[in-house]
Amino acid sequence: MEEILNLLQENARLSVSDIAAMTKKTTDEVQAVISKLEKDGVILKYATIVNPEKIENPGDKVKAEIEIQVQPEREHGFDALAERIYKYPQVKSVYLMSGGYDLKVVIEGESLQEVAFFVSRKLSTLDGVRSTKTHFFLKTYKENDVLYVDEKKDNREGVTA
Amino acid sequence: MSNNRTDRFSKKMLEIAPSGIRKFFDLVIGRDDIISLGVGEPDFPTPWVMREEAYYHLEQGHTSYTSNWGLQELRDEIAKYLSQYDLHYNSQDEVLVTIGVSEGIDAALRAILNPGDEIIICEPCYVSYQPLADLCDTKLIHLDTSKTGFYPTAEDIEKVITPKTKALMLCSPSNPTGCMIPVSELKAIAEVVKKHEIWVLSDEVYCELVYEDHKHVSIGSLPGMKDYTIVLNGFSKAFAMTGWRIGFMSGPADLMDQVHKLHQYSAICAPIMSQYAALEGLKNGWKEVERMRVSYQQRRNLMYKAFINMGLPTIEPEGAFYIFPDIRKTGLTSAEFATELIEKYKVAVVPGSVFGAAGEGFIRCCYATDINKIKEALNRMAQMVSEHSSVSAQLPKA
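Heads up: the sequence lines are chains A and B, in that order. The letter at position 92 of the first sequence is residue 297 when you use the working numbering, and the numbering goes up by one with no holes. The letter at position 174 of the second sequence is residue 559 when you use the working numbering, and the numbering goes up by one with no holes.
Careful: at least some of the hints might be erroneous.
[As the list claims (entries may be wrong)] Subject to a maximum C-alpha distance of 27 Å in a straight line, what follows is the list of computed BS3-like cross-link-like pairs (lysine-lysine):
#, chain 1, residue 1, chain 2, residue 2
1, B, K408, A, K230
2, B, K672, A, K229
3, A, K230, B, K758
4, B, K729, A, K358
5, B, K397, B, K600
6, B, K690, A, K230
7, B, K600, A, K230
8, B, K646, A, K357
9, A, K292, A, K344
10, B, K758, A, K229
11, A, K241, B, K551
12, B, K408, A, K358
13, B, K731, A, K347
14, A, K309, A, K344
15, A, K347, B, K524
16, B, K600, A, K229
17, A, K229, B, K690
18, B, K731, A, K357
19, A, K358, B, K397
20, B, K760, A, K229
21, A, K250, B, K758
22, B, K397, A, K230
23, B, K672, A, K357
24, A, K259, B, K758
25, B, K397, B, K408
26, B, K551, A, K250
27, B, K600, A, K358
28, A, K347, A, K357
29, A, K357, B, K760
30, B, K551, A, K358
31, A, K250, A, K268
32, A, K358, B, K760
Hint data in this document are derived by calculation from the structure and do not stem from the laboratory.
Work the whole structure out from these sequences, hints included.
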């Protein structure tokens, strides 16, 4: 099961028959494992990782990370506030952190103004939010194991002993 | 003014044929429309921890010679590594760091062979064994392993042993077939070796790349075999370090005395940054080695299944990153098959005949290649095989 999951995490477009050949299982066995992983919510979705810098008309998306200090609620801890935050479509990721702040929120907007507006009007006014610190992303080099910069992949000589 | 002297080259060297791989290399060079399954090295770069370590030592200005034997810390770590295979060598005078396994083979052969000695080479095998042995004025005994599952049997070895036999060359897991010598056979071979008191040169460079339940056993670890065995190994394959040129050899101290002299005069020492990178690999590189091994295993499985589906008889390789299908049903020789495959289907493989006469009728395909390229190459090969099969089926039987 773990091997199939690893293969899909690396390349979600591998076919069931390829995975079956690579892991020496039947296609039925592989399909059953994948179905179970999907049903149990282990596999959440299959998506495509895009390098925004290479899109011809990318628009002017801006991305920011916001560090939020929170006053936790007696009964719900951090979860209730986290939920109110992650429901906004602009919010791409929400993490509970250890250290100097509590929630790390990554948001994406069409412009600097839009992000600023969202932070000042929506996030910082939520009950329980004590402070926010906003950092804008300037360039992505690597994200989730994927390089966003070009590296020549195969330097090998064509035929060697 | 050109030098017209007719004897200006060594006769010995003139007799050495260039590697049969050269022709196929020339067909591929500069072409990016060809998918190559003809390489003999990993498709991963060296793990970053090791590259970074070399970088650090360059920054520190560690650019000198090392001891001829190699850095003591590295030899200590190599001795520790070998002990996991029940190979016990003193890191002071029984472990030598070499410029890849290739230098080790050359040095070992020159340290033990006299003109007229015989050496048994189990074919198909890596391309350098024969020419390097030829340089020592020895008689080569070619042992054909193609009928015994691509590994030599003790019985076949004993049949060709004469009073002049000095050495036996083994490689398990094997380049070009990926086959391993079963432990029971290895034990029988060890008995023959001890009985006739010959050297075994054991090329174990693929020993970390073994699949499923297969375990590498070194012939040098079998009872009483240390005095007869030269263990040759290196970092090129498992640690993806081909370009660093770094390996090692181990043997009994009296042999290593002789080898050490040769190494001292011909090489001085292995490159220092390669030694530091290799040391880091032995300490902190194993997780990466395992990640690469699993990836080769998956690609091996895919390729093996594809060749079986093409109807090409193929032994499932147990190690290395090569597979060696039998292409005789196409009616072509290995060289004809490989040439047509490059020219018409734009896929490069190495004809088995390059690895000795016993490799004729087979091709070597390397699965250390991107999975999508492997799939495309396999599709193209299947097309070629099916075209030739239908042609040969129509021909009247000779």
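Against the structure, the hints come out as follows:
1. Distance hint between K408/B and K230/A is unfulfilled; the C-alpha atoms sit about 39 Å from each other, more than 27 Å.
2. The straight-line distance between the Cα atoms of K672/B and K229/A is roughly 23 Å, inside the 27 Å bound, and the hint therefore holds.
3. For the suggested pair K230/A and K758/B, the alpha carbons sit about 22 Å apart, so the restraint of at most 27 Å is met.
4. A threshold of 27 Å between alpha carbons decides the hint, and for K729/B with K358/A the separation of about 26 Å falls inside it, so the pair holds.
5. This hinted pair does not check out: K397/B and K600/B have alpha carbons roughly 40 Å apart, beyond 27 Å.
6. At most 27 Å may separate the alpha-carbon atoms for a hinted pair to count; K690/B and K230/A meet this at roughly 11 Å.
7. Distance hint between K600/B and K230/A is fulfilled; the C-alpha atoms sit about 22 Å from each other, no more than 27 Å.
8. The hinted pair formed by K646/B and K357/A fails the criterion: a straight-line CA distance of about 41 Å is larger than 27 Å.
9. Simply put, K292/A and K344/A have alpha-carbon atoms about 26 Å apart, close enough for the 27 Å limit, and the pair holds.
10. Our distance criterion of 27 Å between C-alpha atoms is met by K758/B and K229/A, whose separation comes to about 20 Å.
11. Between the alpha carbons of K241/A and K551/B the distance comes to roughly 60 Å, so the proposed pair goes past 27 Å and is violated.
12. Of the supplied pair hints, the one linking K408/B and K358/A holds, its CA atoms being roughly 25 Å apart against a limit of 27 Å.
13. A hinted pair counts as satisfied when its Cα atoms are at most 27 Å apart, and K731/B with K347/A does not qualify at roughly 34 Å.
14. Of the supplied pair hints, the one linking K309/A and K344/A holds, its CA atoms being roughly 19 Å apart against a limit of 27 Å.
15. Simply put, K347/A and K524/B have alpha-carbon atoms about 57 Å apart, too far for the 27 Å limit, and the pair is violated.
16. A distance of roughly 19 Å separates the Cα atoms of K600/B and K229/A; the hinted pair therefore holds under the 27 Å criterion.
17. Between K229/A and K690/B the alpha-carbon distance is near 9 Å, which keeps this suggested pair within the 27 Å criterion.
18. At roughly 21 Å between alpha-carbon atoms, K731/B and K357/A fall within 27 Å of each other, so this suggested pair holds.
19. Restraint check for K358/A and K397/B: the C-alpha separation of about 41 Å exceeds 27 Å, so the hint is violated.
20. At roughly 16 Å between alpha-carbon atoms, K760/B and K229/A fall within 27 Å of each other, so this suggested pair holds.
21. With a C-alpha separation of about 26 Å, the suggested pair K250/A and K758/B falls inside the 27 Å cut-off, and the hint holds.
22. About 53 Å separates the Cα atoms of K397/B and K230/A, which puts this hinted pair outside 27 Å; it is violated.
23. Distance restraint check for K672/B and K357/A: the Cα-Cα separation of roughly 24 Å lies within the 27 Å cut-off, and the hinted pair is therefore satisfied.
24. Proposed proximity of K259/A and K758/B is supported: the alpha carbons are some 24 Å apart, at most 27 Å.
25. The hinted pair formed by K397/B and K408/B meets the criterion: a straight-line CA distance of about 22 Å does not exceed 27 Å.
26. For the proposed pair K551/B and K250/A, the alpha carbon gap of about 63 Å is over 27 Å, so the pair is violated.
27. Only pairs whose Cα atoms come within 27 Å are accepted, and K600/B paired with K358/A is rejected, the gap being roughly 32 Å.
28. Distance hint between K347/A and K357/A is fulfilled; the C-alpha atoms sit about 16 Å from each other, no more than 27 Å.
29. Under the criterion of a C-alpha separation no larger than 27 Å, the hint pairing K357/A with K760/B is consistent with the structure, at around 21 Å.
30. For the hint linking K551/B to K358/A, the alpha-carbon distance of about 45 Å lies beyond 27 Å, and the restraint is violated.
31. Distance check on the hinted pair: K250/A and K268/A sit about 22 Å apart at the alpha-carbon level, within 27 Å; holds.
32. A hinted pair counts as satisfied when its Cα atoms are at most 27 Å apart, and K358/A with K760/B qualifies at roughly 18 Å.
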